[in-house]
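One line per chain: the protein sequences are C and A, in this order. If you count the first sequence from 1, you need to add 765 to reach my numbering. If you count the second sequence from 1, you need to add 765 to reach my numbering.
Don't read these hints as lab results, they were simulated from the structure. The model shown is predicted, which means the values in this text are computed figures rather than measured ones. Treat the hints with care, as some may be off.
Since the list gives no way to pick one copy over another, a pair counts as held whenever it fits inside one copy or between any two copies.
Under the rule of at most 20 Å between Cα atoms (straight-line distance), these lysine to aspartate or glutamate pairs were calculated in the EDC-like manner [claimed, not checked]:
1. 802 to 854
2. 883 to 859
3. 835 to 866
4. 835 to 807
5. 896 to 878
6. 858 to 789
7. 773 to 878
8. 896 to 866
Protein chains: 2
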Amino acid sequence: MNGKQIKKFVRHRRVAFLGSVDGEGFPNVKAVCAPRKIEGNDYYFLSNLSSARVAQWRENGNACLYFYRKGLFSYAGVIFVGRVEVVTEQTVKDELWRAGDKFIYKGGSSDPDYCVLKFTAERGRWYRDLKTANFSV
Amino acid sequence: MNGKQIKKFVRHRRVAFLGSVDGEGFPNVKAVCAPRKIEGNDYYFLSNLSSARVAQWRENGNACLYFYRKGLFSYAGVIFVGRVEVVTEQTVKDELWRAGDKFIYKGGSSDPDYCVLKFTAERGRWYRDLKTANFSV
Numbered sequence: 766m767n768g769k770q771i772k773k774f775v776r777h778r779r780v781a782f783l784g785s786v787d788g789e790g791f792p793n794v795k796a797v798c799a800p801r802k803i804e805g806n807d808y809y810f811l812s813n814l815s816s817a818r819v820a821q822w823r824e825n826g827n828a829c830l831y832f833y834r835k836g837l838f839s840y841a842g843v844i845f846v847g848r849v850e851v852v853t854e855q856t857v858k859d860e861l862w863r864a865g866d867k868f869i870y871k872g873g874s875s876d877p878d879y880c881v882l883k884f885t886a887e888r889g890r891w892y893r894d895l896k897t898a899n900f901s902v
Numbered sequence: 766m767n768g769k770q771i772k773k774f775v776r777h778r779r780v781a782f783l784g785s786v787d788g789e790g791f792p793n794v795k796a797v798c799a800p801r802k803i804e805g806n807d808y809y810f811l812s813n814l815s816s817a818r819v820a821q822w823r824e825n826g827n828a829c830l831y832f833y834r835k836g837l838f839s840y841a842g843v844i845f846v847g848r849v850e851v852v853t854e855q856t857v858k859d860e861l862w863r864a865g866d867k868f869i870y871k872g873g874s875s876d877p878d879y880c881v882l883k884f885t886a887e888r889g890r891w892y893r894d895l896k897t898a899n900f901s902v
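When you get a sec, could you build the whole thing from the sequences and use the hints?
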């Protein structure tokens, strides 16, 4: 996959997977909605400040971001490895906010439990069918 | 989710996600086919001995195993945290082998690149809609 194919692949996914390392050194992973915003190597997600995983990233920002597609006969995946920063600045929260988010964050864009995860990719690897290769970002 | 619901949920998934920690301390995750066999807290998967991820687990067996389902209006996920053991014993490889695997492992069940990952769950956490809780295994 070349850079253009990787970007297109990522932008078409509805679900992403964010990985963290917990306080005991074990990997954790969870499905999240597609990034709300992508800017260069930065991927922005909405999250809950009180969650166990946000606590993990505040302790250890090491992270991965994974996208995959499983077709009937083919499989493709892209993983980025990098760092997560937990952002609570109101201007950033306002920028990413959409009206429907009130279903989850009752207090609106200033809900104290609403925070933004900014994942910055440092390197990547793609998989397609039985091929795989590292790439730089 | 109670224990019975968790077991049923896991057995109905076609895709699972295995997490590892790489040599630099970053989490990695990859989609894999559903476990070939589940026995108590042990989940068995087919893998490639030469792969980067198998090398990671041989170095650091810390792992997670994640299953999720995204419906139109609901989301559910189950994560297990535990250890991966890379198994190359021929009796285990033979036991898990199915004829169709020859598409990937040309040398059959004795293909030197075919290995088995045995993931042993130590603890778990479930997510359903906006609820979540830890559970023991």
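Against the structure, the hints come out as follows:
1. Only within a single protomer do residue 802 and residue 854 lie at most 20 Å apart by alpha-carbon distance; the minimum there is 16 Å, versus 47 Å between protomers.
2. Taking CA atoms no more than 20 Å apart as the test, residue 883 paired with residue 859 passes inside one copy only; the shortest distance there is 14 Å, against 45 Å between copies.
3. For the homomeric pair residue 835 and residue 866, the shortest alpha-carbon distance between copies (18 Å) is at most 20 Å, but the shortest distance inside one copy (28 Å) is not.
4. Neither within a single protomer nor between protomers do residue 835 and residue 807 lie at most 20 Å apart by alpha-carbon distance, with minima of 25 Å and 25 Å respectively.
5. Taking the shortest Cα distances, residue 896 and residue 878 sit within 20 Å of each other only across copies (15 Å), while inside one copy they are farther apart (41 Å).
6. Neither within a single protomer nor between protomers do residue 858 and residue 789 lie at most 20 Å apart by alpha-carbon distance, with minima of 31 Å and 31 Å respectively.
7. In this homomeric assembly, residue 773 and residue 878 never come within 20 Å of each other (Cα to Cα): the closest approach is 32 Å inside a single copy and 32 Å across copies.
8. Only between protomers do residue 896 and residue 866 lie at most 20 Å apart by alpha-carbon distance; the minimum there is 17 Å, versus 39 Å within a single protomer.
Figure legend: structure checked against the earlier numbered hints; hints not met, in rising order: 4, 6 and 7.
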